[in-house]
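Work the whole structure out from these sequences, hints included.
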Amino acid sequence: MRIGLAALSPARRTTLMRSDAVQRLLAFAALIAIILIFSLLSPNFLQFDNVVGILIATAVNGILALGVTFVIISGSIDLSIGTVMTLSSVMTAVFITEWHAPVPVGILAGVSTGALAGIVNGTLVAKLKIPSFIATLGMLNVAKGLALVVSGLKPIYFNDTPDFNRAAMGSVIGGVIPGLDIPNVVLVLFGCALVASLILTTTVLGRFTFALGSNEEAARLSGVNVVGWKIAVFTLAGIFSGIAGVLIGARLNSAQPSLGQGYELDAIAAAVIGGTSLSGGEGSILGTVIGAFIISTLTNGLRILSVPQEWQTVVTGGIVILAVYLDIVRRRQQQ
Amino acid sequence: MATAPFVTGEDRVPDASGGLLVEMEAISKDFPGVHALRECRFDLRAGEVHALVGENGAGKSTLMKVLAGVYRQDAGRIRVKGAEVDIPTPRAAQLLGISIIHQELSLMPNLTAAQNIFIGREPRRALPFLLDERGLNDQVRKLFERLHIVIDPQTKVANLAVAQQQMVEIAKALSHRAEVVIMDEPTAALTDTEVDELFRIIRQLRDDGVGVVHISHRLEELKRISDRVTVMRDGQYIATVDTKAAAIAEIIRMMVGRTIYEEAPEIPEVADPNVVLDVRDLARGRAVRGVSFTVRRGEILGFAGLVGAGRTEVARAVFGADRPDSAQIRVHGRPTRINGPGDAVRQGIGYLSEDRKRYGLALGMDVETNIVLATLRKFLRAFGRVDARRTRATAEQLVQRLAIKTPSLRQKVRNLSGGTQQKVVVAKWLTANTDILIFDEPTRGIDVGAKSEIYHLLNELAKQGKAIVMISSELPEILRMSHRIVVMCEGRITGELSGREATQEQIMTYATMRAPVATVD
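Line by line, the protein sequences give chains A and B. In terms of the working numbering, the first sequence opens at residue 8 and continues consecutively. In terms of the working numbering, the second sequence opens at residue 276 and continues consecutively.
Derived from the structure by calculation, the hints contain no laboratory data. The structure displayed is predicted, hence computed values, not measured ones. Glycine is no exception: its CB is placed at the ideal position from the N, C-alpha and C atoms. Treat the hints loosely; a few may be bogus.
Unchecked claim - Examples of chain B residues lying across from chain A (beta carbon under 8 angstroms, computed):
1. 384
2. 385
3. 386
4. 390
5. 395
6. 404
As the list claims (entries may be wrong) - Negatives, chain A to chain B, calculated, CB over 12 angstroms:
7. 50
8. 54
9. 58
10. 144
11. 157
12. 169
13. 172
14. 174
15. 178
16. 205
17. 217
18. 288
19. 309
20. 329
Okay, structure coming up:
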């Protein structure tokens, strides 16, 4: 007994190229091309110090992008990741500097703050059915305001705990291989990316992330606890925001309460450039990491070429539009 | 088996083997403004196929969704194997051994076939949050083998054809080792051969002792597959009858509550030899490979074929919705280029897609707006203001002419029945002075009563001199309605028949006539 094949031409049965895989390949090629072009235009670009600069610049945005990748694949959006990051760094600073808590406790407080914001986001979206764009836009402002309130509008410095900054900007690798002084924040980025990738591809949470973005109603009818898993996805994004907050605090040796807004757009851009579909159901961690590197490499290269800051922003915006357009063109061709 | 034609709940004596899998009693369910179910009952035995029929809106799907945990009843009791149960969620239904295949495909296109089938029940590894992907694929491969389904479990569902997706749905329902399988119009999107295969699976299930609920609009299927039939109307239980003992006409009478005659409408002779639409060598990718046909004034040209044969693609290309690779199109004898739907509308071509809700109507807007929307430019006064009096007059006139059943012109289209919605789409095209109308599956998802109204409408339009192309996968419909029938297979026209002389067998022969190069293993 053979079913459902009668009306099907052989052509339609050949497996189509997976769209996100193509985009990943394209993004990687673009990254290589950008690196080549800048290294030709400026001899300073491939200097070790500059490469490390790019890596450091990618760390925070990259980690934010990891979290938002999950949210976007699940078919929602999280605009609050930037300011939640700020709130997390402020909470870490309050614990460590003002309440003299041990550094690990401060880190835990920062990450928990992010997780809590994620739980609230997830509850608003999944339980109260508020569209994620609106709910997280609200959270963006709530977190921004809270960061200012808690910090008393002033930066909080980690001057009493120099180890905090050293842990982030010191180099474990440099200790093992002299000369290769890649700061630990970069290791944190790659560590987080590895964990995120494993979560997305090998765990139940990852499977349901794709399922939600692919057809939420179908998932619900299949008996999947849609509300619970959606909250979990937002919580995961919140945790990554928290980690990013701790990291940016350690890197700057201070919590800057007015920083953070706008970071969410760079992170979303990284995910989209890396092939995560804004309509949900498609995306990968590798793609997002490549996307984050494209953004920071571009910004860095333009700065080296003395292109003014405001024009750098224009270019990044253009790249995002181009990436989304290419994605749409490819989808159209597939059909 | 009871020999009396009517077997109702009271008449039935539960036998010693306790064959009753499911008993639903006095089930009521309200939606805002609607009594969807009023004191309905239903029961299901092990090893039977129980058909559930009724017009659209009769409450069949709602009743079964209550059983499957999608909705919760406001009142009433459900017993499964004699024990009273509460089914608050789809998961609860699964655990009770109740599986449902929904009317709308409910798969996740970005996941593979295997991932879809075991969603929510994925095999795990030693650590319970880790997925065992290989185990998953192995299990699904075995399941497919058992059901003789030839699909690679690792194919993304988005890359499967509709019929294959349906098979994945069925496999998913069966993977629960369900004792109760509910199929909500499983044959709506399937061709006759695929329906045969589906019925073979259903019989296999029945013989294994599974109770199957079969919701269908196709009454001719009842005799083939079901043991008992329950009829519903307006959210109420009407009767349960033994299929063998009941006549189809009797079932229809119970469904509509009045006697309607399912007699074939007369096919009037086509008087006018004028060719209105002449399509030559239409090609688009692999879907349409060199299709030529003509339609005359007052003629209904039927397009028959299996799902995926390329009929919709032909219609879309003629209408300009998709750009053909090559085409020579003449409208009223004049060579025409159609580069988009706008061109087609100006040439008097209208396309009524099979998915009215997605492509044909603005559901949230009222009847009048929908009717004049496409031609609003005709109703403008100075400074771009819409002439409300003229739009109203036009809409009123069309509502009368097409006998559109709506309480008022202000009624939102969303609240109309499928058949009435179809008429609103037709009215919309008539305001554009359309004289070529392409109907794609005009009666899909429409109940029996409304179907004959649509047939009547098609005949009326033809009589008024419109040229009509009707794409349909229902052979009786094609045979009954068409003056001429062209049959497609794999993007080509494989045969042309006169509507008077054609038989189902002839059409099926052409519909499966593959070109030698395009053999499918």
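Quick rundown of the hints versus the structure:
| no. | hint | result |
| --- | --- | --- |
| 1 | 384 | holds (6 angstroms) |
| 2 | 385 | holds (3 angstroms) |
| 3 | 386 | holds (6 angstroms) |
| 4 | 390 | holds (7 angstroms) |
| 5 | 395 | holds (5 angstroms) |
| 6 | 404 | holds (5 angstroms) |
| 7 | 50 | holds (45 angstroms) |
| 8 | 54 | holds (42 angstroms) |
| 9 | 58 | holds (36 angstroms) |
| 10 | 144 | holds (25 angstroms) |
| 11 | 157 | holds (34 angstroms) |
| 12 | 169 | holds (38 angstroms) |
| 13 | 172 | holds (35 angstroms) |
| 14 | 174 | holds (29 angstroms) |
| 15 | 178 | holds (33 angstroms) |
| 16 | 205 | violated (9 angstroms) |
| 17 | 217 | violated (6 angstroms) |
| 18 | 288 | violated (3 angstroms) |
| 19 | 309 | holds (35 angstroms) |
| 20 | 329 | holds (24 angstroms) |
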